[in-house]
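So the protein sequences, as listed, match chains A and B. Mapping of the first sequence onto this note's numbering: position 185 corresponds to residue 185, and the numbering continues sequentially without gaps. To convert, take the position in the second sequence, counting from 1, and add 1000; that gives this note's numbering.
Hints listed in this document are in silico derivations from the structure and should not be mistaken for laboratory results. Careful: at least some of the hints might be erroneous.
As the list claims (entries may be wrong) - Calculated pairs, DMTMM-like style, for lysine to aspartate or glutamate (alpha carbon to alpha carbon, straight line, at most 20 Å):
#: 1; chain 1: A; residue 1: Lys125; chain 2: B; residue 2: Glu1080
#: 2; chain 1: A; residue 1: Lys125; chain 2: B; residue 2: Glu1039
#: 3; chain 1: A; residue 1: Lys125; chain 2: B; residue 2: Asp1036
#: 4; chain 1: B; residue 1: Lys1152; chain 2: B; residue 2: Glu1039
#: 5; chain 1: A; residue 1: Lys125; chain 2: B; residue 2: Glu1373
#: 6; chain 1: A; residue 1: Lys5; chain 2: B; residue 2: Glu1184
#: 7; chain 1: B; residue 1: Lys1430; chain 2: A; residue 2: Asp3
#: 8; chain 1: A; residue 1: Lys5; chain 2: B; residue 2: Glu1486
#: 9; chain 1: A; residue 1: Lys125; chain 2: B; residue 2: Glu1040
#: 10; chain 1: A; residue 1: Lys185; chain 2: B; residue 2: Glu1486
#: 11; chain 1: B; residue 1: Lys1384; chain 2: B; residue 2: Asp1243
#: 12; chain 1: B; residue 1: Lys1283; chain 2: A; residue 2: Asp3
#: 13; chain 1: B; residue 1: Lys1248; chain 2: B; residue 2: Glu1373
#: 14; chain 1: B; residue 1: Lys1169; chain 2: A; residue 2: Asp67
#: 15; chain 1: B; residue 1: Lys1152; chain 2: A; residue 2: Glu183
#: 16; chain 1: A; residue 1: Lys5; chain 2: B; residue 2: Glu1456
#: 17; chain 1: B; residue 1: Lys1434; chain 2: A; residue 2: Asp3
What the hints assert, rightly or not - Computed list of chain B residues with no C-beta within reach of chain A, every gap over 12 Å:
#: 18; residue: Gly1075
#: 19; residue: Ser1333
#: 20; residue: Glu1428
Quick reminder that beta carbons are idealized off the backbone N, C-alpha and C, glycines included.
If you want the building blocks of each chain, they are given just below.
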Amino acid sequence: MSDMKISYPYVSRRRLFMFRFRQVLTLVLILAAVICPIVNYLTKGPMWSLVAIWGMIIVWRTFLAPDVLEFSALSFAFRLSAYILILITLIGILLSPGWLGFVLPIIGFSSLIISAILYIINVSKHKTDAMPLIVEILAALIAFFAVYFATGILNWPMIVLGSMASIFLLVGIVAFHRSLWNELKKRLHTT
Amino acid sequence: MSKNKRFPDFLQSLTNIEKAQVQAFLKDYEHHLDMDRHEERMVIEDAKNALVYLAGTGLDLETCMERLAGKNLGGFYAHEALSWYPLDDAAKIYPLSMKFGQMPMFRLSCYLSETVIPEILQIALDFTIKRFPSFATAVKKGIFWHYLDATKRRYPIFKEAKGPCRAIKVGALGTQSFRILYYENRISAEFFHVLTDGHGGMIFLKTLVAEYLHLLGAPKVCTEDVKDIDTPPRATELTNDFDRFCPKTKKSGGFAGPAALQMSGRRAKRPPCKVVHVCYETKRLLDKAHELGITITTLMLTLMFLAHRSATDTTNGTIQIQVPVDMRKFFDSDTIRNFSMYCSIDIPAAQVDDFEEVSKEVASQLKQRATFEEMSIMMTTAHKLVRSLRFIPLAIKSPVAKVIYGFLGDSRFSNTLSNIGNVRMPEELKPYIKGFDFVLGTCVVSRASCSMCSFENTSVFSISKNTKDPSFEERIVELSKQMGLEPSVSETQLYE
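From just these sequences and the hints, can you work out the full model?
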């Protein structure tokens, strides 16, 4: 047998504070998610518990169980704006109706601007991370056409959203068509 | 002296002609780099550090620069990263089921005769990585499947400071799925299983070690397992061989099965909480196995069954040990991606008593289950499953896989034994190498995972623990001693 010595560096004991904190917070959130609908049902009134549960899901997905893969600024911004859009929609439908058609497109185009800035800041790095932006642009266009064909009326935030998404799409196709095509091929593969 | 100061001082010590030669040497590096400025600077720093080190050993400047020449970088750092690789059939489950801080990892280590020189190891990695393009990637999410996307960057080495097989944070953009560590005379490569299996990982480690030794003056040797870093990889090295060689047998099986009997002991919060290495003299181990008329794998499996029996409080249930099977022994494959399946050796705990009977049962089950026919059935089943799921979006597959894995986990197995066998190195490099070891990351439910490899006359049996309870490893050592195998034991501290 060779004189091979196997040794390892000393590692100071890992603190499990964050691990335990996460466990406790998870329990608290689960408990709250169960209690909220019960209280809501017993006290009657609007379905605020759905808004509360969605708020808890946002906390969970954003801080306690973030994406394990592709956790970039662009994907984080995309995910957060999607969560906020859903939260605002729930509030608008369940608690205080009447302003959704105005606020949602404003949040939509603000989010588009933020994503585009994040993309432009480091184009070379984000060339292979454009998917959140592509999805955001497509979602904005779908929303724009859906509202237009469904109602025939477009308010100014919706017009800004639609035109901004169209401009971004055109610029993307003209300036980044090669990397865009490569990106789509990779993202859509089924093998 | 700080690394930043060493190069200017070294330059000062040179003649004007030599200074001009060094400037030309660095200029040549710049021609081979077209990346982010920061990454480019890091590679040039690597070259400077390696040059200062080699020159400091008394080697003449010309030889130093020849060994470290910029041409060794090839076009890897200058080409645009356009390649990408769909995951192989075995790898597809890993990103689907992984959670924060929990991913299937394994580690291969090479022990050298001398202390590792980090400056040389870093430049050796800078040179070697181009030969393994599927490793120079980041795991990404597609609409239907994950994939490996090429990333052009410098891959840093790290001084070992944590326990083995810690999860790699693969979340950030362009993050690598492997890491190279050094500690005293050991070079270790830890891999996220999505990249490769033990066979592919060992080829990478051997090639890296050979390049490292070559830079330090050892002869340049290339074999089937020690790749020539100056030639591009063969296309067949990068293929999903599950797809290429799928036998498409009509029979198909399943992956589910009854839950296995687990060892007692509370599960660690962040496994592995300890790694134990039991070293044997290969000749003694082989002689014992021959004396008993069994193979080394059968012998070790038998010891594991008996030790498991001592590490559990109940006799109700079946001890099921997973044994990975390298499919390369059935097919003419040279892929460095995953190409392994597994079989299960199952014995009811109540029947695990006598060494001879257990070894007979293990040998018989291994003979029946690690066959081409059985592996073909499993390979076909896996391939069919992958094909049938291919149009279901990841957004649906991923949470479902997480829930299923969360419920079942790896409860199907009590333990694992992955034996990569005898590690061969070219004769010319053997004087520089003391040995190898192989550590498997722990699973979620099972309390231990075992792995084994041997080099020359040393066989290392490694146990990654998912519980503090030492009964299992203590029994393995005790049984080995009783059999006259005279093992020597090394272990990490308890990490929690």
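20 Å Cα cutoff - pair lysine 1430 (chain B), aspartate 3 (chain A) | With a Cα-Cα distance of about 14 Å, the restraint between lysine 1430 (chain B) and aspartate 3 (chain A) holds, given a limit of 20 Å.
Beyond 12 Å from every Cβ of chain A: is that where the Cβ of serine 1333 (chain B) lies?
-> At about 18 Å from chain A, serine 1333 (chain B) clears the 12 Å cut-off, so the statement holds.
Are the Cα positions of lysine 1152 (chain B) and glutamate 183 (chain A) separated by 20 Å at most?
-> The given pair, whose Cα atoms are some 16 Å apart, holds under the 20 Å limit.
For glutamate 1428 (chain B), which was marked as not at the interface, is the minimum beta-carbon distance to chain A over 12 Å?
-> With a cut-off of 12 Å, glutamate 1428 (chain B) remains clear of chain A, as the shortest Cβ separation is near 18 Å.
20 Å limit on alpha-carbon distance, applied to hinted pair lysine 1152 (chain B) and glutamate 1039 (chain B) = Answer holds: lysine 1152 (chain B) to glutamate 1039 (chain B) is near 9 Å, not above 20 Å.
Proposed proximity, glutamate 1373 (chain B) with lysine 125 (chain A) (alpha carbon, max 20 Å) = Outside the cut-off at roughly 47 Å; violated.
Given the hint that lysine 1169 (chain B) pairs with aspartate 67 (chain A), does the C-alpha gap stay at or below 20 Å?
-> Answer holds: lysine 1169 (chain B) to aspartate 67 (chain A) is near 11 Å, not above 20 Å.
Within a Cα-Cα threshold of 20 Å, do lysine 1248 (chain B) and glutamate 1373 (chain B) meet the stated pairing?
-> Roughly 11 Å between the alpha carbons, so the hint for lysine 1248 (chain B) and glutamate 1373 (chain B) holds.
20 Å Cα cutoff - pair lysine 5 (chain A), glutamate 1184 (chain B) = Roughly 10 Å between the alpha carbons, so the hint for lysine 5 (chain A) and glutamate 1184 (chain B) holds.
Would you mind confirming whether the straight-line C-alpha gap from lysine 5 (chain A) to glutamate 1486 (chain B) stays at or under 20 Å?
-> 16 Å, holds
Looking at glycine 1075 (chain B) again, its CB stays over 12 Å from all of chain A?
-> 18 Å, holds
Between lysine 1283 (chain B) and aspartate 3 (chain A), does the CA-CA distance stay at or below 20 Å?
-> Roughly 15 Å between the alpha carbons, so the hint for lysine 1283 (chain B) and aspartate 3 (chain A) holds.
Hint check: violations occur at hints 5, 10; the rest are consistent with the structure.
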